[in-house]
Amino acid sequence: MTKGTAVQAGTAVQLRRVAVTGIGVVSALGNSLADFRSALASGRAAVRRLPEEVTRGSGVQVGALIDWDPAAHFKGNEAGSLDRVAQFALAAAGQAIAASGLDPEKTDRNRVGVYWGTGMGGANTLETAYSTVYGKNDFRLRPLTVVMAMNNAAGSNVAVRWGLRGPFANFSTACSSSAMAIGEATLAIRSGRADAVLAGGAEALLTPGMLAGWQSLRTLAPADAADPAASCKPFDKRRGGLVLGEGAAALMLEEEARARARGAPILAIITGYGNSCDAVHMSKPDRDGQVRAMTQALAESGLAPADIGYINAHGTATIVGDVIECEAIRAVFGDAAGRIPVSSTKSMHGHLLGGAGALEMAAALMPFGEGLIPPTANLVDIDPGCAVRHVPQKAERGDIPRAVMSNSFAFGGSNVVLIAERA
Amino acid sequence: MDTLARIKDLAIKELALDPAKIDPNAPLADLGIDSLTFIEFMFKVEDEFGVKVSDEDLRSIKCLADLERHVAASAQAAGKA
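Heads up: the sequence lines are chains A and B, in that order. Here the first sequence stands for residues 1 to 423, where the numbers follow this note's numbering. Here the second sequence stands for residues 1 to 81, where the numbers follow this note's numbering.
In isolation and in its complexed conformation, chain A is listed as follows (with noise of 0.2 Å):
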């Protein structure tokens, strides 16, 4: 079989292979790839302590939160209409798009889709409604609500904005929607029912009610009372929990044949997407479901663990999870396991939920640009349940890898795995 395409049955399809061409960043490191990729690469984290108007009685003391201004991106009212979680999906799709070089205009679109990926959707739209209701006890909502609120209100602006009529899907599965998402979306080029996708995630729920659920998980972390930039640590011992943040990232997918006829930059290929579900319990991960999710990923794109030069962890500081996911990746990758570099930056982005996979995806593909390998921030005291082979603090810099991945396991038991290989 064809590398790369040993999940797909038929000839004609074997030889589609999908190409990243652009990718944009909304977050709270940066709102373009440039900027974010050099926080990453200096080890800084956007963690602080939020302002009492996002927080207030929910007790949540730390996040990610952008500093956005909706008039630095679009024109007159326009922003009004849209919930900010869309705001973050229009200016990261548009980032992407603009990298890519692909001009709608010139482009057949029938052939080319939007697969996004969210974990509460317009979040502030619904709370500013539900707040309105019981606490003013006014039922006049705005008449933009639902179509403000609703799940895929993200990725049709995008679908819309630049009149993306091909394919389009929106995936809701908590911290795996947007790398599922991407696997998705590959398969839909690979399988010729795109020739192009725009896919990522978003994420905006920063808000009292939605933070409150959050605070009643006790799953947060605390803020460091020396430095709230450093609550976030993964896989030290001191950590306290995930800390939660917002954001988006949308990476143009295309079929890589056309994307090198056009002259395209060719950033990586997707060659791997591993799907699987823990089908045990709705918040406590499982090794297995784990194993099998990296297992796929790794047999779709023919690799052998060793080829793995980096693996971006889901790694979210939680006292459970990070010690399962190092299991799982130890159980995968055997003696390469103390060899492949692993860290989660999400201790300087912090988890953006709904987004994460395609943030990460974004900041898994960083080596193959200089070799330079992001780190884990705020880990110095290494839990030995975490033995992997870790990035403490500093970015390393080495070889350009072969390949890397990224994993996004979520609430709910979704596992998703995407594994990328260098032009």
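Treat the hints with care, since some could be wrong.
[To be verified] Pairwise CB distance ranges, derived in the manner of DEER restraints:
#, chain 1, residue 1, chain 2, residue 2, range
1, A, MET282, B, GLY32, 44 to 52 Å
2, A, ALA212, B, ASP66, 56 to 64 Å
3, B, ALA65, A, ASP103, 40 to 48 Å
4, B, GLU46, A, GLY57, 27 to 35 Å
5, B, GLY79, A, ARG109, 50 to 58 Å
6, A, VAL54, B, ASN25, 40 to 48 Å
7, B, ASP30, A, ASP103, 47 to 55 Å
8, B, ASP34, A, GLY412, 31 to 39 Å
9, B, LYS13, A, MET282, 21 to 29 Å
Derived by calculation from the structure, the hints in this document are not laboratory data. Glycine included, C-beta positions come from ideal geometry on N, C-alpha and C.
Dock chain B against chain A, hints included.
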């Protein structure tokens, strides 16, 4: 300021319409106002004038001049004129 002038001002502010091109008798679609945009605009109009335009009346509004008549009638009925 009369009702129509206030509606025009609101349309310029909320819908980014060109003041020079607002024809009160032009069909809403000709002003680039689609049905969803119009319903959202009506929400602002109701806030601005403190009136409530019924669903039935809403369906009969085809231009800004129609809107003015309904707003004026609603305001009068509410004793606000």
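The hints, checked one at a time:
Checked against the given bound of 44 to 52 Å, the beta carbons of MET282 of chain A and GLY32 of chain B, roughly 47 Å apart, stay inside it. The beta-carbon spacing between ALA212 of chain A and ASP66 of chain B, approximately 45 Å, falls outside the hinted interval of 56 to 64 Å. In this structure the hint that ALA65 of chain B and ASP103 of chain A lie 40 to 48 Å apart at CB holds, the actual value being about 42 Å. Checked against the hint of 27 to 35 Å, the C-beta distance between GLU46 of chain B and GLY57 of chain A comes to roughly 32 Å, which is consistent with it.
For the hinted restraint 50 to 58 Å between GLY79 of chain B and ARG109 of chain A, the CB-CB distance of approximately 54 Å keeps it satisfied. At about 47 Å, the beta-carbon gap between VAL54 of chain A and ASN25 of chain B stays in the expected band of 40 to 48 Å. Take ASP30 of chain B and ASP103 of chain A: their Cβ atoms lie about 30 Å apart, and the range 47 to 55 Å is violated. Separation of ASP34 of chain B from GLY412 of chain A is about 37 Å and conforms to the stated range, judged on CB atoms against 31 to 39 Å.
A hinted range of 21 to 29 Å for the beta carbons of LYS13 of chain B and MET282 of chain A is inconsistent with their spacing of about 47 Å.
When each numbered hint is compared with the structure, violations occur for hints 2, 7 and 9.
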